[in-house]
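If you read the sequences in order, they're chains W and B.
Every number in this note's numbering is 11 more than the matching position in the first sequence, counting from 1.
Every number in this note's numbering is 160 more than the matching position in the second sequence, counting from 1.
Just so you know, these hints were derived from the structure itself, not from any lab.
Be a bit skeptical, because a hint or two may be false.
Claimed, not checked - Take a look, some chain B residues computed to stay more than 12 Å from chain W by CB distance:
#, residue
1, Lys266
2, Val280
3, Leu321
4, Met343
5, Gly360
Unchecked claim - For each label pair, taking beta carbons as the anchor points, the in silico distance ranges come out as:
#, chain 1, residue 1, chain 2, residue 2, range
6, B, Asp227, W, Glu65, 35 to 45 Å
7, W, Leu256, B, Leu189, 55 to 65 Å
8, W, Gly406, B, Lys286, 30 to 40 Å
9, B, Gly318, W, Lys155, 51 to 61 Å
10, B, Lys286, W, Arg359, 49 to 59 Å
Note that the coordinates shown come from a computational prediction; the quantities given were computed from them, not determined experimentally.
For every residue, glycine included, the Cβ atom is placed at its ideal position computed from N, Cα and C.
In case you want the letters, here they are:
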Amino acid sequence: MSFVSQFKSAASVMAKDLRHRKIIRTALGNYEIVRDRRKASFQDWQGARQLAAETKWEAVNHLDQYLEEFVARIEARGTKVHWASNAAQAREIVLQIVADKKAKSVIKSKAMTSEEIHLNDALEAVGLKVVESDLGELIVQLRKEAPYHIVFPSMHLTRDEINVLFQNELGSANTNDPEELTMIARRALRSKYLTADIGITGANFAIAETGMISITENEGNARLTAALPKTMISLIGIEKVLPKLADLALFLPMLATMGTGQALTCYNTLYGGPRQPGETDGPEEWHVVLLDNHRTELLADAEQRDALHCIRCGACLNVCPIFRNVGGHTYGTTYSGPIGSVITPHLRGLQDWKHLSNASSLCGACTETCPVKIDLHHHLLQNRRNSVKQKSSLGEKIAFKFFAYGASRPGLWKLGMKMARWLQPLQTLLQRTPLDPVKPWTQSRDLPPLALASFKDWWRNRK
Amino acid sequence: MTVTLFIPCFVDALFPRAGISMVEILERLGHTVVCPENLTCCGQPPFNSGYWDEARAVAGKILPSLDGTDAVVIGSGSCGAMVKKFYPELFAKTPQEELAKKIAAKTWEFSDFLAGKLGVTELGAKFPHKVTFHDGCHGLRELGVKKSPRALLANVAGLELVEMSEAETCCGFGGTFATKFPMISTAMGEVKCASATETGAEYIVSNDSSCLLHIQGLLSRQGNPLKTIHLAEVLNRK
Numbered sequence: 012m013s014f015v016s017q018f019k020s021a022a023s024v025m026a027k028d029l030r031h032r033k034i035i036r037t038a039l040g041n042y043e044i045v046r047d048r049r050k051a052s053f054q055d056w057q058g059a060r061q062l063a064a065e066t067k068w069e070a071v072n073h074l075d076q077y078l079e080e081f082v083a084r085i086e087a088r089g090t091k092v093h094w095a096s097n098a099a100q101a102r103e104i105v106l107q108i109v110a111d112k113k114a115k116s117v118i119k120s121k122a123m124t125s126e127e128i129h130l131n132d133a134l135e136a137v138g139l140k141v142v143e144s145d146l147g148e149l150i151v152q153l154r155k156e157a158p159y160h161i162v163f164p165s166m167h168l169t170r171d172e173i174n175v176l177f178q179n180e181l182g183s184a185n186t187n188d189p190e191e192l193t194m195i196a197r198r199a200l201r202s203k204y205l206t207a208d209i210g211i212t213g214a215n216f217a218i219a220e221t222g223m224i225s226i227t228e229n230e231g232n233a234r235l236t237a238a239l240p241k242t243m244i245s246l247i248g249i250e251k252v253l254p255k256l257a258d259l260a261l262f263l264p265m266l267a268t269m270g271t272g273q274a275l276t277c278y279n280t281l282y283g284g285p286r287q288p289g290e291t292d293g294p295e296e297w298h299v300v301l302l303d304n305h306r307t308e309l310l311a312d313a314e315q316r317d318a319l320h321c322i323r324c325g326a327c328l329n330v331c332p333i334f335r336n337v338g339g340h341t342y343g344t345t346y347s348g349p350i351g352s353v354i355t356p357h358l359r360g361l362q363d364w365k366h367l368s369n370a371s372s373l374c375g376a377c378t379e380t381c382p383v384k385i386d387l388h389h390h391l392l393q394n395r396r397n398s399v400k401q402k403s404s405l406g407e408k409i410a411f412k413f414f415a416y417g418a419s420r421p422g423l424w425k426l427g428m429k430m431a432r433w434l435q436p437l438q439t440l441l442q443r444t445p446l447d448p449v450k451p452w453t454q455s456r457d458l459p460p461l462a463l464a465s466f467k468d469w470w471r472n473r474k
Numbered sequence: 161m162t163v164t165l166f167i168p169c170f171v172d173a174l175f176p177r178a179g180i181s182m183v184e185i186l187e188r189l190g191h192t193v194v195c196p197e198n199l200t201c202c203g204q205p206p207f208n209s210g211y212w213d214e215a216r217a218v219a220g221k222i223l224p225s226l227d228g229t230d231a232v233v234i235g236s237g238s239c240g241a242m243v244k245k246f247y248p249e250l251f252a253k254t255p256q257e258e259l260a261k262k263i264a265a266k267t268w269e270f271s272d273f274l275a276g277k278l279g280v281t282e283l284g285a286k287f288p289h290k291v292t293f294h295d296g297c298h299g300l301r302e303l304g305v306k307k308s309p310r311a312l313l314a315n316v317a318g319l320e321l322v323e324m325s326e327a328e329t330c331c332g333f334g335g336t337f338a339t340k341f342p343m344i345s346t347a348m349g350e351v352k353c354a355s356a357t358e359t360g361a362e363y364i365v366s367n368d369s370s371c372l373l374h375i376q377g378l379l380s381r382q383g384n385p386l387k388t389i390h391l392a393e394v395l396n397r398k
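Start from the sequences, fold in the hints, and give me the full structure.
Shown next, in the form of structure tokens:
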């Protein structure tokens, strides 16, 4: 089945799923309250957005320089840096490290880049045991599902469902108390940190000025993932770079505000290198894998380059009425919601993924909320234009040519309106039959009758 | 002031009362209204579908007819956004670029023309009903029209405005989106209708008939007694 057919059939099921609609509405209703409270605590939220957008614009437009600066600094402290052009290369790099270390088990903290390159499958294929340490990620891993949302991987599940899952997969006692469920996961995870040979993390920001990565989290699991195993691997998209350490003073509260509605997340940690002489903890080896995977193609697109500003806060998903009604899994992509619909065609091919850009009412709620001011819904429009320019559908092309011909000839347009009025009784007869020419509309909605006299008729008569 | 009134194609064909109300209101305020015959469609359907050449073919024909008066007033936030925001982009690097920019600069959505440009919010209207207002996304986010319709409604005698929790949420119309992805569009519309129904209002008022076409289509299929009406019609009731 093609990607578009998969999307349409999943969307048809999910859009009617009132239970799903209610779960997401409740979860995001709570998010909206705390997000707005945090936004209000900024002295000038719009000013903060502008500054964030300008900072990212500077970083992205001088990406080569900032990356080199970042790499030079972390290498100076003994970090091994690897450059991966695509997903396959990134997987090979990680697998090579795993093989060199003769590793048997891996613990991971949350990293969308690892989802992007399907790292877990690659590691498991060579016999490794992989454990996700972020609670939400662990839950979807146990369910053998992809994350539902880039910040809230298991937001589509109720605690009763998680209770049943934990009983089945972890052999825990029956409880739907959130605190007890968290403790069950914690107990299951603690021993894994100690036995894991390798810890794999992502990064929220990479600071060029000081050569450090910044990881934002709420559970402390990323700290344990980074600190306990002897080898640490961080898989980082090249767009994550920020020029200065001081930029975090804006970006950390901004990410927390839009991601989870917090002033700051519980843990924000900077990593600058492996264990240094005289230090008592930290990994002996640190490998940083810098992932391009078509990001440079997006960089080359002057119109949509700002999509590289994305800090993966998920705010655009949360306000998107499409996301809220079809859910994260329907997209069939690593990055869902508006940002996913914008970048997936760049990452995985325009013709295969253009339907995501078409599956939007272009309402613009995403662009309005985006903290780094990505022009999201206009990029969807540009993807539509680019896809048509590359390869248009014959039927649609003829239809719009015909439409353009009629609409540029007022006499013909007037005649068309008249004919539509004559033909409407026929459509009414055919309604709710397979022959209805406007069935996609009328299967769920009524169509009002065309007025007996149009506005233009009235205007002509009164003159 | 002489005003070119652009009544969008679907308002012309389906909701002529909204257009007639706009003419009557503008004339009552002492303005001269012109409605050139060749203002057919703004070209948004092909534009939003990615067919920019076809959109230019339509828009390029109507562009000269929008010129020659003091202002262009459009009876829909969506078509207003097309002319004001997207024409300059559509005609960039073409011989009509300057004209598109000139027209864009003097184009107004109807309610914003009254309250924003003319500073008129009192029209002597009377509409003794409880209503809720739906913000069409293009008017709201492309043109930034939020306060004008409410300022106008505040002065309608007998009218009680109750805001719905999802006032700024898209109704799910989105032009061709509604027929390309009817399942998503319908779900979005259901959320909208449920939110409007919660307010206990008798009418959903909007400055965009395209949204109302979608919302009314769903309400009537659901058998929901809630009615829809264009803002201009409310403002023209005595």
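Right, here's what the structure says about each hint:
1. B/Lys266, annotated as away from the interface, keeps every beta carbon of chain W farther than 12 Å; the closest lies near 21 Å.
2. The claim that B/Val280 lies off the interface holds: its Cβ sits roughly 22 Å from the closest Cβ of chain W, which is beyond the 12 Å cut-off.
3. Consistency note on B/Leu321: stated as away from chain W, and its beta-carbon is indeed over 12 Å from all of that chain's, at 22 Å minimum.
4. Distance check for B/Met343 against chain W: the nearest CB is about 4 Å away, which does not clear 12 Å, and the non-interface claim fails.
5. Chain W leaves B/Gly360 outside its interface by the beta-carbon criterion, the shortest separation being 20 Å against a cut-off of 12 Å.
6. Our hint of 35 to 45 Å for B/Asp227 and W/Glu65 holds, since their Cβ atoms are close to 37 Å apart.
7. Remark: the range hint 55 to 65 Å for W/Leu256 to B/Leu189 is upheld by a beta-carbon distance near 59 Å.
8. Hint check: W/Gly406 to B/Lys286, Cβ distance near 50 Å, so the stated range 30 to 40 Å is violated.
9. For B/Gly318 and W/Lys155, the Cβ-Cβ distance of about 60 Å falls inside the hinted range of 51 to 61 Å, so the restraint holds.
10. In this structure, B/Lys286 and W/Arg359 meet the distance hint of 49 to 59 Å, their C-beta atoms being roughly 57 Å apart.
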